[in-house]
Structure formats: structure tokens, C-alpha cells
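Here is what each chain is made of, one letter per residue.
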Amino acid sequence: MKQAPRAWYSRIEGYFIKEGFERCNYEPTLFVKIEGAKILIISLYVDDLIFTGNDIGICEKFKSAMKLEFDMSDLGKMKYFLGVEIQQSSEGIHMCQRKYAQEVLDRFGMKNCNSVKNPIVPGTKLTKECGGADVDATLFKQMVGSLMYLTATRPDMMYVVCLISRYMAKPKEAHMLAAKRVLRYLKGTIEMGVFYKRGIKNELLAYTDSDYAGDIDDRRSTSGYAFLFSNGAVCWSSRKQPVVSLSTTESEFIAAAACACQGIWMKRILNQIGHSHCKCITIFCDKSSTIKLFKNPVMHGRSKHIDVRFHFLRDLIKDGELELKHCKTDEQIADIMTKPLKLEVVERLRGLLGVRPATNVN
Amino acid sequence: MPKTFWAEAAQWTVHVLNRSPTSAVKGKTPEECWSGIKPNVEHFRIFGCIGHVHILDRKRLKLDDKSYKCVLLGVSNESKAYRLFDPIAKVVVTSRDVVFEENESWNWGRSNDEVKFDSGDINHEFSDIGETEHVEEEQEDEASTSSDSNEGSESTLPEVNNLHSDRGRTRSAPIWMQDYVTREKLSEEEDVQDLAFFMSQDPIYYEEAAKSDKWKNAMDLEIEAIEKNGTWELVSLPHGAKKLGVKWVYKTKLNESGEIDKYKACLVVKGYAQKYGVDYNEVFAPVARWDTIRVVLALAAQKGWTVFQLDVKSAFLHGKLNEAVFIKQPIGYVQEGK
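In order, the protein sequences belong to chains S and U.
If you read the first sequence in this note's numbering, its first letter stands for residue 130, the second for the next number, and so on.
If you read the second sequence in this note's numbering, its first letter stands for residue 12, the second for the next number, and so on.
Honestly, the hints are just simulated from the structure, not real lab data.
One or more of the hints may lead you astray.
Claimed, not checked - Below, simulated DSSO-like cross-link-like pairs (lysine-lysine); rule was C-alpha separation at most 27 Å, straight line:
1) S/190 - U/331
2) U/314 - S/192
3) U/273 - S/228
4) U/314 - U/264
5) U/258 - U/227
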């Protein structure tokens, strides 16, 4: 029935609130219960729920209470959730989509393909009209859709998948080749996934980057960002900007604004789930003129049209919500979200994002 | 022309009409409307006119005729060629190399009777391809003598073929085709195996599932869960209310290593029949963002916590509806007295 999920949500939400949980204001599926020093965090995904806490007792109590109230099946330690395999060890937590990736390769007949090391040939420029005949749009869309789901644990594939997804309306042979190359890359890196290291005390770090007029068809830029926490990427994005920017500074600016929006949301979530000493997010940007534009409120001819985003970011910096810092281009992790890179850069940045094979964990 | 060519004439007429302008579609011919391609009408010739069919050089000697006379019947369905009737050999031939005399026609009067008798066994001959095919055209007036005349006509055939067509060529499949299995060679059993390969194992219909115990158990479990939750009660349908259909959905659930986890049967309401405002008002699904899940995981890793997972059985049955919804009884579990 169409209203069934909604009815279920109001039922379980009512139950959680009765039990003393607090619903997160910024994410309706996140519930937190704090009893003195004990904390219990629940994330709900329709009928699957994952929970964690700093005390085994409170977890067990919650589990048995839930079993009484609802008809539950206890799956124990989180191992397999929404097609993602999760390994919890004393080293940390690793998540990957090996099984799903294998299914994707089987489905598109790439089971025995030769693997490649780089998801995209460096310097590739795709356009709407670039070479070759039309290909089966349905097949192409299926490929993009499957790859999209894989980006849930694969930040290193984010840029390529977003790039090819722009051509879903009328795919040509060149686009199909790019998609197949991603599948071949996937074949070689099927065990890879994000790894969060145990016991690392670090703050939320954000990297933002953009290319300039990367799309040849409409000359819009791509903004990308990546958030790092516990030595692994928790949140990443690569997306074409909604407006055309006139300078590299401006396109970096737009990317920084998008990153800031996400950053504030992340900070609020982290504060809500008991990581309250997260006060100021540091955003790294490799363009010094963008940073200078914040620090010196000069309004000159070239920047006066970046009005809204400008004030938004300036206010955030003034309030101390975030901080913009410069970093060198070769330390810029978000580079991998915005442009096709050379092999050694891909491998280095991939490591910095916390993407590693599952077997290396133990 | 004798009336035996009535069908040919009708076919040619349709062919021409489809490629002629009509008032039904403005500025287009029916053919263009259908296929989107403007038809070519260069090949149009007068029906029944004389055509001189070219005889291939290797099939004749130096002093033989270069062509033989035929009557145009139309165009071939199989290839880009004309269909003609050879009134002397009494066969239908297909050829591309034809020179027409559009103002001439065959003098049927002379051989009208003969044609009438023999045209029941018009043989199709493809002089281009070199294959011979025998097609007995059905004819009402021939029905009484069909069996004998068919055999008789076949015995006369080789002579006809030797005249114009190349019988020396035998066709064999190309070498690259040897790796392929074509449908003709498959036995019925293999066909079924092939089909099974593409189908998922889960049944689609109740009748199918009811045969096996595992699905029966799964359905019993589902009904039990529904009854336990007090999801429904048996009522008679109020006047004016509409009831929604239900169906069973079967799914084999796999675990992370691809082994069979459990067999699951779901009783679902055919929700597509629901109307906004009548059967439901607001919809929402509590779906967590990936970002949130990853933040929780990262935090758990940092603090050294263990993450657990729970799964609610038949979650949607726990919800309370504000609207009254009437459903049909599920197949297999119908209780008496609606």
C-alpha cells in the first residue's frame, strides 16, 4: 500500500520518542539516546536498523526491548547492510560492495574483462556529439544506475560515474566505451572500499575543488568535495555547477559554497550524535585568490555577481562555523572528484580517501 | 490475363496504392507514414506487361537467346527483384535484370486453357539465388485433383529448372556459423533448459508456489504475522466502498556470500489502484542517507564501538492507518462469509 511506509515510520518514531530517544532535527531517520555518559545511536532504513553505542549493556537492553515491541530478527554484528559488506575488526571498520560489484560485472557481460588501473584515460574530454554511432540508451542507463549505487563505497569512481551520467539522454559509442572502462577498473579493484581507522582522534576535514569550464558543451564547471573523518571519506560529491562561472576563482567559490552547506549539515549531525567538540570545520581549498576574496571584502568588477554565495560563506566564516585554509594542489584530495587524473595521482589520492582492499585490513 | 492471377493482381494493386498519395494522410503516402521512409516508385511498371528476363552468361551458349519473355506479376517479397511469370515454362521467376515493354502484353488467348490447367502448380524459381522452392498455391478449382497433380508436376520440374537456373550450387552455412547453435537444431528438451537458464527460480503465481512446501511455509508465516498484528478483520464490504486486490510475491533472499538465506512470501496490496485523497493522503519512506550511515560508521570506528543490525519482520504491518482500507481475501487463505 502506498501509505504503508509512512504509517510504519510514525509508529516507530512514536515508540522511539516514548523510550526517551531524541530525533535528529536534520535527519529524520537518526535517533539518539543519551543516559548520562551512555549513548545509543540508531539509524533507520525502512525496516532495517543499525545501532551503535559506547556501552554494551545499553545496546543489549535496547535489542531486547525492541524484540518485545516488534517482531525482530537479530542479525548480530553489522555485516551486510543494503548490499554493502561491512567488516568490523580491532583495526577499524571496512565497507565494500564486492558482491554487488560482481553482480554488476556479470550482468553487463564484463565478468572476464581485462582490468585497468585508472577509471578514465587522463585528458579525456567527452562531449554530447563526440564520435560514434548511437548506442542502446537503456543499457547505458542501466550501467550508469548500477555504477551510481557502487559509488556509495567508492569515492574514487564518483567523478567518472557522474561524468558519464551526463550523457544518459543520448549516449554515443564514446560514452559507452567510457562506461565500460569504469567497469574494467571496477574489475581490478573489486575488493576496494572505504576503511575507517579505529582510535584516530581527528576532526572533520573538508576538501573542495573545482575544474574550470570542464564541460565543453555548455562550459559549466564541476565542483567536488570530500569530507574526511577517522582517516576515511564519509561524504563526497562531484557535480556540475548550475551556473556558468566566468573565472576559476568563481568556480572554486561555488564549489566552496556547496561544500560549506554540506559541512554545516555534517557538523550538526556530528554534534547531535555526541561528537560535540566539533566546532569549526576546516575546508581546504587550493586556490589562494578564492581565500583572499573572503578575507578582504573587496568587491570589484570581476566578483560582484557572485553575490549570494559570497555573503553566505562570509557570514559562516565570521560566525566561526568554518575556516578556509589553503593547501597545495598535490595535497588536494578533492581533485579526484573534478578531473581525470594520472594513474599515480589516482592511487595516491585513493589512499588518502581511505579506499583500500578488504584483504589488507586484517 | 487468366483469372488465376487474381491474387497477384490484388497484391500489386495494394503495393501501388500504398505508395500513392491519398487523402487520408496529407502530403504523404501510406508507406511513408508507416515506415517513415519516402518510397521509391521508379520500379513501377504496368501489371501484366512483357518483361525480358536476362539469362546469365554462364547459363547459355554463344548463340542462345540472351533473354526470355515473361509477364510482370509484381515485386518479390524476399528480395529487391521483380516477380514474373514465364508462360512457356509455366513457372514464377524472380529476377532483377529485366527489360520491360510496357505497351506490349502476352497473347493469353493461345494458351489460356493450358495455363488454367497448370497454374495450380505454379513453381517459384529464384534465378538470382539459384535455389529452387516449390510452392503449391492453393486453388479452389484444383482441390479435387490435388494429390495426383502435385506429384505429377514435381516430376516435370527438373526440366524447367535446367533451362534457366543454376542447380550446381549447394548452400552450406559459413564457417563462422559452426560455433553457433541455431534454433532449428535444438531439441525440445534443450529449449526448455535454455528457458530455465533465463528464468529466476521464484514462482510468480500462487498456483505454482502452493505446490512446494517451502513456499507454503513462507506463506503460512506471513499470514501468521498478519494475524498476530491484528492487521485485518473480516468484514462485509460497506455500500459504495471499493476493495483493493491483493497478491502474493515470492522472493528468495540471499545472504552476503550468495547462499540462500530464506524464502520469503509477501502479501501485497495492489497499490496502483489506490487514489490520492481517497485511499491515502500522505506518503513518506524513512530512508537514511548514505552520508548519515557513513558518519555513524566512521564515528563508531573512531570511538571503537561495535555496530549492530536489526531487521524488523513485516515492518509495514506495525503501522497504524488512519484511513479505512478494504482488501480482498488472499488466495489460498479465504475464509467463508465475506
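Taking the hints in turn, this is what the structure says about them:
1. With a CA separation close to 26 Å, the supplied pair residue 190 of chain S and residue 331 of chain U stays within the 27 Å bound.
2. For the hint pairing residue 314 of chain U with residue 192 of chain S, the CA-to-CA distance comes to about 21 Å; that is within 27 Å, so the pair holds.
3. Taken as a hint, the residue 273 of chain U and residue 228 of chain S pair is honoured in the structure, with Cα atoms around 18 Å apart against an allowance of 27 Å.
4. Between residue 314 of chain U and residue 264 of chain U the CA atoms are separated by roughly 33 Å; this puts the pair beyond 27 Å, and the hint is violated.
5. At roughly 14 Å between alpha-carbon atoms, residue 258 of chain U and residue 227 of chain U fall within 27 Å of each other, so this suggested pair holds.
Hint 4 from the list above is the single one not met by this structure.
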